[in-house]
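Note that the protein sequences, when read in sequence, are chains A and B.
Mapping of the first sequence onto my numbering: position 83 corresponds to residue 83, and the numbering continues sequentially without gaps.
Mapping of the second sequence onto my numbering: position 88 corresponds to residue 88, and the numbering continues sequentially without gaps.
Treat each hint with caution, since some may be false.
To be verified - Pairs of lysine-lysine residues, derived as DSS-like cross-links and limited to a Cα-Cα distance of at most 30 Å, are as follows: (1) A:K145 to B:K77; (2) A:K75 to B:K77; (3) B:K73 to A:K75.
Said to hold, decoys possible - One-sided and incomplete, this derived list gives chain B residues near chain A with beta-carbon spacing under 8 Å: (4) S33; (5) R59; (6) V97.
For the record, the hints were derived by calculation from the structure and aren't laboratory data.
Beta carbons are placed, not taken as given, at the ideal position from N, Cα and C, and that holds for glycine.
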Amino acid sequence: MQIDDSDRRILRQVLAEPAAPRSDLAERAGVTAATLGRRLDRLREGGIVRAVRAAIDWRALGFEVEVSLRFTLDKTNPRAFDEFIDAAREVPEVVAIETFLGRVDVRLNVVARDMAHYQEVYRARILALPHIAEVDALMLIATIKDSEGLPL
Amino acid sequence: MIDLDDLDRALLRALSLEGDLSAGELGRRFGLSQPAAWRRVRRMEDAGILAGLRVEVDRAALGFGVTVFLGVKLATKGRVSLEDFERAVQAIPEVQVVQHVLGLFDYRLRVVARDIADFERVLRRRIMTLPGLGQVEANVLLTEERRPGPLG
């Protein structure tokens, strides 16, 4: 799909502040609200905009603990990635799964109500996942910036 | 923290997939009147559980083919160092996510770039010049998947 400078200006504004009123976003992008709506529909049909999701604040839902678990897998087994990821999808406390090229193979974002709950999830569900060679944990203290913004 | 019933959780699940569903559409799906659906959504917004929208785009199609997660350790600790680092890192347009963490690193950053050469430019000119920067570990993102999490 071809995109032009108007599309880029619109996306830049929408990505920077997705919840802002459409009329404000249109003004910032220098187009009318009707054009913005039409262009966004087209970008969505063309697959450039993949999804618009509600952001859920897990802390406000009572999940006080968020941990980024970084795994190295035992790659002697060619099915290690697929089997690990399939099993991780079955753990309800896993809110994101990412794969990498680097020292880390897979990262899971895990939420829990408190440390006792986290300990239970970690010992009973996470350490039971297949093909783990190494795991280390980064516990979230604060999110300073979280944006899908792109320097378009 | 507010109490949620099964219907609230069903609304959250639906909105976490399609964040721009109207109250009318939500009502039709879950057998609620439009005002009843609107009241439930509004209550979860007021409680901070629904924290805005997240627009997901095909970054590669927009010319940003590389996403890298950086684990960053500060060379000097203390409150002033944290504030200086956070102020400077947030201002970098290619840095989408900044999280203060506890563990092997002090911060996690998500950085977008057009290609590996562009990433090297961002790393050298913008990241390596951040105040107080110590050790940095880079992992290139291959795939990412968001999960509904413990909403059921």
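- Any hints from earlier that this structure breaks? Give me their numbers in increasing order, please. Hints 2 and 4 not satisfied by this model.
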